[in-house]
Amino acid sequence: MKKIEAIIQPFKLEDVKEALNAIGLRGMTISEVKGFGRQKGHKEIYRGAEYTVDFVPKQKIEIIVPDSSVPAATEAIQRAAHTGKIGDGKIFVLNVESAIRIRTEEEGDNAL
Amino acid sequence: MNKTHAPKRCWLLLVFLTPIAANAAATVEDRLARLEAAAGPATATNSGDNAWVLASAALVLMMTAPGLILFYGGLVRRKNVLGTMMQSMILMAVVSALWMVYGYSMAFGEGNPFFGNPTQYFMLKGVGAAPNAAYAPTVPQESFMLFQMMFAIITPALVSGAIAERMRFKAYVLFMVLWVTLIYFPLCHMVWGKGGFFNWSLGGRVPVLDFAGGMVVHVSSGASALVCAVVLGKRIGFPSEPMPPHNVVLSLIGVGLLWVGWFGFNAGSAVNAGALASSAFAATHFSATGAALGWGITEWLLKGKPSVLGVASGMVAGLATITPASGFVSVPAAFVIGLTGGVVCYAAVTKLKGAFRYDDSLDVFGVHGVGSALGLLMLGLFASAEINPAIGNTFAAGGKVVSLAGSFSQLGNQALGLAFTVGLAVVGTFIILKVVGAVTGLRVTPEDEASGLDLAEHGERAYND
Numbered sequence: 381m382k383k384i385e386a387i388i389q390p391f392k393l394e395d396v397k398e399a400l401n402a403i404g405l406r407g408m409t410i411s412e413v414k415g416f417g418r419q420k421g422h423k424e425i426y427r428g429a430e431y432t433v434d435f436v437p438k439q440k441i442e443i444i445v446p447d448s449s450v451p452a453a454t455e456a457i458q459r460a461a462h463t464g465k466i467g468d469g470k471i472f473v474l475n476v477e478s479a480i481r482i483r484t485e486e487e488g489d490n491a492l
Numbered sequence: 025m026n027k028t029h030a031p032k033r034c035w036l037l038l039v040f041l042t043p044i045a046a047n048a049a050a051t052v053e054d055r056l057a058r059l060e061a062a063a064g065p066a067t068a069t070n071s072g073d074n075a076w077v078l079a080s081a082a083l084v085l086m087m088t089a090p091g092l093i094l095f096y097g098g099l100v101r102r103k104n105v106l107g108t109m110m111q112s113m114i115l116m117a118v119v120s121a122l123w124m125v126y127g128y129s130m131a132f133g134e135g136n137p138f139f140g141n142p143t144q145y146f147m148l149k150g151v152g153a154a155p156n157a158a159y160a161p162t163v164p165q166e167s168f169m170l171f172q173m174m175f176a177i178i179t180p181a182l183v184s185g186a187i188a189e190r191m192r193f194k195a196y197v198l199f200m201v202l203w204v205t206l207i208y209f210p211l212c213h214m215v216w217g218k219g220g221f222f223n224w225s226l227g228g229r230v231p232v233l234d235f236a237g238g239m240v241v242h243v244s245s246g247a248s249a250l251v252c253a254v255v256l257g258k259r260i261g262f263p264s265e266p267m268p269p270h271n272v273v274l275s276l277i278g279v280g281l282l283w284v285g286w287f288g289f290n291a292g293s294a295v296n297a298g299a300l301a302s303s304a305f306a307a308t309h310f311s312a313t314g315a316a317l318g319w320g321i322t323e324w325l326l327k328g329k330p331s332v333l334g335v336a337s338g339m340v341a342g343l344a345t346i347t348p349a350s351g352f353v354s355v356p357a358a359f360v361i362g363l364t365g366g367v368v369c370y371a372a373v374t375k376l377k378g379a380f381r382y383d384d385s386l387d388v389f390g391v392h393g394v395g396s397a398l399g400l401l402m403l404g405l406f407a408s409a410e411i412n413p414a415i416g417n418t419f420a421a422g423g424k425v426v427s428l429a430g431s432f433s434q435l436g437n438q439a440l441g442l443a444f445t446v447g448l449a450v451v452g453t454f455i456i457l458k459v460v461g462a463v464t465g466l467r468v469t470p471e472d473e474a475s476g477l478d479l480a481e482h483g484e485r486a487y488n489d
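Chains as they are written, first to last, in our numbering: chain A, 381 to 492; chain B, 25 to 489.
Quick caveat, the hints were computed from the structure, so don't treat them as lab data. A hint or two may mislead.
Across the chosen pairs, the derived CB separations fall in these ranges [as the list claims (entries may be wrong)]:
(1) VAL473/A <-> PHE380/B: 50 to 56 Å
(2) ALA479/A <-> GLY257/B: 50 to 56 Å
(3) VAL332/B <-> GLU385/A: 35 to 41 Å
Don't be surprised by glycine CBs; every beta carbon is placed ideally from N, CA and C.
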């Protein structure tokens with residue numbers, strides 16, 4: 381069982397969701413986040429006072445998948461979120477100890 | 025109210041008409057002369073004038089709430105929205121109460137050249153239906169009193185922009201009570217009160233032209249604002265930490281309301297609904313136009329983008345700049361005054377503030393103080409006796425009547441008034457702040473400043489989801 385965390389451009393969220401749905405992965409958790417990597421922030425000016433805004437808005441997607449689905453999932457995200465410009469984001473894969481479905485008490489891959 | 029007054033009006037009509045009816049055979053000229061005589065002295069109430077003055081009073085109150093409240097509220101961070109709005113809103117209550125008790129009397133009562141007798145109109149006694157011939161001969165004095173009260177409310181409210189996000193509410197209220205009592209009411213008397221030191225039309229010594237409060241409202245509040253910003257000190261984190269406006273949309277709505285309200289402020293200052301009101305209305309509009317262009321284009325050239333807040337700030341600057349001059353200058357002169365105001369205020373807000381590093385949080389000094397000071401001085405050169413014939417032949421100096429139309433000598437008078445106002449505002453505000461500081465302390469604690477005035481001072485939040 382792995383957790384895939386992807387930080388992507390906000391406008392790519394729909395594309396990524398559809399790409400994951402297309403390979404049979406339904407269900408994800410998303411959040412609006414801010415951060416920066418190699419992409420530079422931007423400048424805002426209010427009444428002549430300049431502010432450099434380093435943190436740029438991004439979308440974070442979290443999905444938990446069986447080990448066997450990891451290559452297909454990361455490839456789907458990578459393809460859907462790609463523009464080729466700085467700021468496209470990153471994908472992280474993490475180990476997950478266990479999972480429990482609260483309603484049915486199912487465990488492991490069955491809970492996903 | 026209407027029902028009880030109606031019979032009285034019928035009686036008046038009968039009194040007027042009876043002599044005319046009795047002389048039906050007289051010539052037209054004769055009848056006209058009798059009609060004019062029957063219309064009585066110049067202090068008869070004119071319902072058209074009264075309608076405009078009452079509407080203007082309401083427009084000026086609208087400038088404070090919701091105009092200034094939204095303008096300032098949008099410019100602060102979201103944790104201080106309510107506290108900032110409260111600072112303007114509470115003055116509607118506090119200053120109105122003072123105005124009723126002694127404020128109107130100190131401003132417009134007869135007294136010495138510097139303040140009016142606070143007992144003459146104590147609790148507004150004698151301020152009713154009868155016009156005050158010196159101030160507004162065609163409207164009830166009560167209307168004039170209401171109109172002027174709205175100015176007394178917005179002037180200290182403007183100052184609040186300089187102390188935004190860090191002043192204790194208790195200290196703020198005490199400061200404002202003292203400020204309007206010791207600075208605003210006297211200054212109002214000096215410029216507009218009968219026998220006031222700077223009143224050009226009612227027996228003053230130095231004739232300063234200030235149609236709607238450039239000196240009384242904007243220079244006094246702007247100069248005081250600067251002192252407040254310096255004495256209170258910078259907000260924690262200023263200027264290294266970004267403090268962008270939390271909602272520019274609110275501010276833009278506020279600016280729109282300010283512009284519309286300003287027609288009441290300036291054109292209402294004619295205190296009649298005649299041609300002078302139209303002239304002041306036009307000057308107001310075209311100055312705001314010029315300043316919006318002046319600020320917007322300057323920023324576009326220097327920073328690469330014409331910001332929305334910049335154009336809106338230019339509008340306010342243009343309105344403040346033309347306030348003393350409206351009613352005295354032509355439309356093209358007003359446009360030029362506004363255009364200059366837009367450029368100069370942009371420089372004041374960006375360069376001056378940057379150079380001296382004071383935290384005039386919402387730019388009260390840079391926009392209102394600098395703008396209106398400029399307007400007062402430019403008025404000394406642009407004042408036109410064609411636009412306002414009264415200034416050509418009203419002021420007597422050394423036994424002969426002199427013209428106050430644009431000239432270097434009038435520029436000198438304007439500069440004198442400006443210097444006096446700045447002096448009074450700076451010294452007065454400094455002393456008041458020291459007194460208030462000793463009594464209550466001026467600033468909230470650093471913890472409260474970090475959590476925000478809304479929660480710390482008022483126990484509320486502006487946005488709860």
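These are the hints, each one checked on the structure:
no.	hint	in the structure
1	VAL473/A <-> PHE380/B: 50 to 56 Å	54 Å, holds
2	ALA479/A <-> GLY257/B: 50 to 56 Å	55 Å, holds
3	VAL332/B <-> GLU385/A: 35 to 41 Å	37 Å, holds
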